[in-house]
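Novice: Sequence:
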Amino acid sequence: MATAYTPKVTGDGIRARIQRVGGHLAGMVMPNIGAFIAWGLITALFIPTGWVPNAELAELVDPMIKFLLPILIGYTGGRMVHGQRGAVVGAVATVGVIVGAEMPMFLGAMIIGPLAAYLMKLLDGLLEDRIRPGFEMLVDNFSAGILAGAMALAGRGVIGPVMSTCTDAAGDAVSWLIDHDLLPVASVLIEPAKVLFLNNAINHGVLGPLAVQQAAEHGKSILFTLESNPGPGLGVLLAYMFFGPRRLRPSTPAAIIIHLFGGIHEIYFPYILMKPRMILAAVAGGATGVAIFLAFGTGLVATPSPGSIFAYLAQTPKGASNWIGIYAGVLASAGVSFGVGAALLGFGRLADPDAEPGGDAPQEEAAAPGTENEPAAK
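Going by the working numbering, the first residue of the sequence shown is number 1, and it counts up by one from there.
If you are wondering where the hints come from, they were derived from the structure by calculation, not from laboratory data.
A virtual CB, placed ideally from N, CA and C, is assigned to each residue, including glycine.
Careful: at least some of the hints might be erroneous.
So the derived label-pair ranges between C-beta atoms look like this [stated by the list, open to error]:
no.	residue 1	residue 2	range
1	PRO53	ILE146	42 to 50 Å
2	GLY348	ALA314	31 to 39 Å
3	GLN84	GLY297	53 to 61 Å
4	GLY219	PRO250	42 to 50 Å
5	ILE131	GLY339	53 to 61 Å
6	PRO53	SER175	29 to 37 Å
7	PRO53	GLY219	21 to 29 Å
8	HIS218	PHE242	34 to 42 Å
9	PHE67	ALA320	44 to 52 Å
10	GLY149	PHE261	42 to 50 Å
Produce the entire structure from the sequences given, and follow the hints as far as they go.
Specialist: Written as structure tokens, this is what we have:
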């Protein structure tokens, strides 16, 4: 076995590191999928453009996506690193990141939660066997509180502003691609930005104002479709439903309904964060859709908000070419995203650890549910 493994040391080492990163991301997100679905259902139902608009119940939407979900991720990431103490410190540190940025801080939570827990673990190691008898609880509580507070301040002053700067840079890059008629290439930036929950910043902050100007002149704009196209996300979810890990397949039908009919695209973002390589499927699907929209010279008359297939029906302008172009683009983007996603998932061969080729491949699936502190989802 040693001789067979030796020629692949470098490649396998990189692959193992990537798998460990993906496993840790999955471990932070997967235990909280139920919370994402709950938020998606509430959003799809009660926002002003939802199925049964209700202003009072819609007040749940912003606190859940801005506070609850990032804190859950930071808590879970901290627990993976250092048990319950790491979880508490990670949750407190995540609040600092949330306050330091305007957009939902999922990526910031994935960074600062485990980092704070790791520092807590180091500090506990330094204090071990150095505490006088009777002072253990006092030292444990104060050390965790001081570190958690310091990390919250660091998150507020550093990570939050950095993420805001990254959002502005992404918006500028998308604007540059639009100005240079490279719309299909824009998916290379838009799809990863969406997965990092920057979709509203890209859509309403960059694409929306430009699209409104075009629609006023021409009665429609392709820019309304760049971020809102439900096809790429639908393809990713279908790939997970048919070829993803078996523990995730039962959750995908509900996610598909929320995504396609409710227009809540955020519901599929965690599935990509679990396996970051799946972003290639979303990019391929998005670029395909944009290319078809361009070929037919079609667009929408206004922002489809939320980005459901029903909103597309309402915002598609009259004319057979517009209808054919829009829905051909949505279907093609879903098909390409599904095909690429299925290939990236090994057409089901990588669904279970025992089926994965290679000696270190099972680590990704084994790590995904969490650690000994986070049991696998049923």
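Novice: List, from low to high, the hint numbers that the structure doesn't satisfy.
Specialist: Failing hints: none at all.
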